[in-house]
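Protein chains in written order, with my numbering: chain A, 1 to 320; chain B, 1 to 320.
Any given hint could turn out to be false.
Below, simulated DSS-like cross-link-like pairs (lysine-lysine); rule was C-alpha separation at most 30 Å, straight line [claimed, not checked]:
#1 Lys183/A x Lys316/B
#2 Lys316/B x Lys111/A
#3 Lys2/A x Lys143/A
#4 Lys143/B x Lys21/B
#5 Lys315/A x Lys185/B
A few chain A residues that face chain B, going by a derived Cβ cut-off under 7 Å, partial list only [said to hold, decoys possible]:
#6 Tyr214
#7 Met286
#8 Val296
The set of hints was computed from the structure by calculation and includes no laboratory data. Think of the CB as a built atom: it goes at the ideal place given N, C-alpha and C, for glycine as much as any other residue.
There are 2 protein chains.
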Amino acid sequence: MKRIVRANALEYEFDFRHKPKLHVSEGESFVIETEDAGSGYIRSADVAPKIDDFPTRKFTPPKGNPVGGPVFIDGVEPGDLLEVNIEKIVVDDQGFTNIRPGVGPLGDSYKWQSVRGPFVKIIKHEIGPSGTTRDGKGFLNDKISWDLKPMIGTIATAPEREVETSAIGQGPWGGNLDVRDMKEKTKCYLNCYHKGGLLYVGDVHASQGDTEFYGTADETRSEVTLSCKIIKNKRIPFVRLEKEESIISLYSYRPLEDAVESAIVNLMEWMVTEYEIDEKDAYMHMCLNPDFRVNVYQMVRLGNLEYTVGAEIPKKYLRH
Amino acid sequence: MKRIVRANALEYEFDFRHKPKLHVSEGESFVIETEDAGSGYIRSADVAPKIDDFPTRKFTPPKGNPVGGPVFIDGVEPGDLLEVNIEKIVVDDQGFTNIRPGVGPLGDSYKWQSVRGPFVKIIKHEIGPSGTTRDGKGFLNDKISWDLKPMIGTIATAPEREVETSAIGQGPWGGNLDVRDMKEKTKCYLNCYHKGGLLYVGDVHASQGDTEFYGTADETRSEVTLSCKIIKNKRIPFVRLEKEESIISLYSYRPLEDAVESAIVNLMEWMVTEYEIDEKDAYMHMCLNPDFRVNVYQMVRLGNLEYTVGAEIPKKYLRH
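Just chain A, with the same shape it has in the complex:
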């Protein structure tokens, strides 16, 4: 299987001028070995006092949130839509989370002084029934663990004319979205603006809660297996996801309520145009359907990063 090895998965921009690192065919599975969001520097908790030496701080421009790519998908033309199938995400045997002093929603709090940092916490990953970490466990401490839910934080095609940093770039071509539903068996739909699509993937989290509250989740190395389909001549307003049981319309924006409103209206449009739901019925689903959900995936204050929201409806309501 073709792959981008970790040492070559250290791009820090989405840039259409990058030379493709991989050429694949439609339907062909390929692997990206992703580096963690700290560029591989943080392997133990005792680096916390050296927090200003982290690649995310030390360099100008900073080397945070590396991505592997671009991957050139044969047959993709500008104006096509890329369907990315997330086939497998195997994470490393550990991840980290960290806080810099003064940063994050409570970094400047008087009441919550104990969370100010600097701190680095290593989250140990245990393999699960599959014999990999895909269904393993993460350990907060010796008493508390949870089932790992590996997800891709950053996934994008190259933007049309912009060059965006992988850490904060976001648009209808994807970016650093930090969506917990960007997981195995999810299909992710991205607009393409260049020949080959030019796909980038990185910033895998072994686990993340809603909002990614202070901005670094369980950041980890991984091996991501993907394959792509091409939908010719199609544009969507923003990234869409399809899970086994539901569809999700994403939107990244601030303030949060505007992100929510746009995600919902875009979901209505999706239902009307592709599932032949009556406009008024689509509107009523958004207000009445007890299974309609809004997911606040990411609400991190970091540069001009926008908050990412998803409006989700089960597919069972879309079949007539």
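With chain A's structure known, arrange chain B on it following the hints.
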């Protein structure tokens, strides 16, 4: 069982000067027959053109969102916390949703003209396996139905010195919160500011999606069975919920991101003070735990109504 009959469940304010309609003991089950949010006027779809005759519009002040109460709970003193156990919610055989022209997130849209209104839609409720509507079905049309999830939209004790309208009043004493988790088997915790607590309940929805997008969900009459416990001398920052499997810290505020942040910080405080979670661990749960959820329950633009959010964590992570 003591009850407030529907004809007496037509208060439109939370007002500590109201004479109690019911006196109950701690632990005693009682019933409130709630009227729907339209004050019982909307029983068929053909009233849509008469939308300005609705009690929510016709009267000054408007007669929208009636509540039953106050219920005086023996033994409650100012400064106590009330635990309200929602034992049963049986809804009527129908509910309604409606839109006034120009109102709601798409009421002024050029693109979505078909949803402008006026429209009234009657949602038929079918009884379920229990022989009641508690687990019944709601019908959007002849092809699409969903399982009803009856919930209490408005629940409050009388505020300390304010008199608040039942339609838009919200505070640490409750109010029109529109939280889909305010359902059977939920325990709701409300601060008490007056002798007897003075509890009001109304605005039951047979179903509601996240955000209650255009502001009227499946509005219905109901019979709500409740009982209360008293927790002496306790104050909480805002309303808390306890479900069977999780705890939820609510917060109502604008903008939405501030509501989310306060709900999360209040959940951390709850975890630290009552479950002996380390402060830093509580913070990390909020960012890393893949089962930590933020629920955008209500995001309706109506007068000075604030948006209601809940931060939720499963109880299994709180046991050592």
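Do the hints match the structure? See the list:
| no. | hint | result |
| --- | --- | --- |
| 1 | Lys183/A x Lys316/B | holds (24 Å) |
| 2 | Lys316/B x Lys111/A | holds (27 Å) |
| 3 | Lys2/A x Lys143/A | violated (40 Å) |
| 4 | Lys143/B x Lys21/B | violated (43 Å) |
| 5 | Lys315/A x Lys185/B | holds (28 Å) |
| 6 | Tyr214 | holds (5 Å) |
| 7 | Met286 | holds (4 Å) |
| 8 | Val296 | holds (4 Å) |
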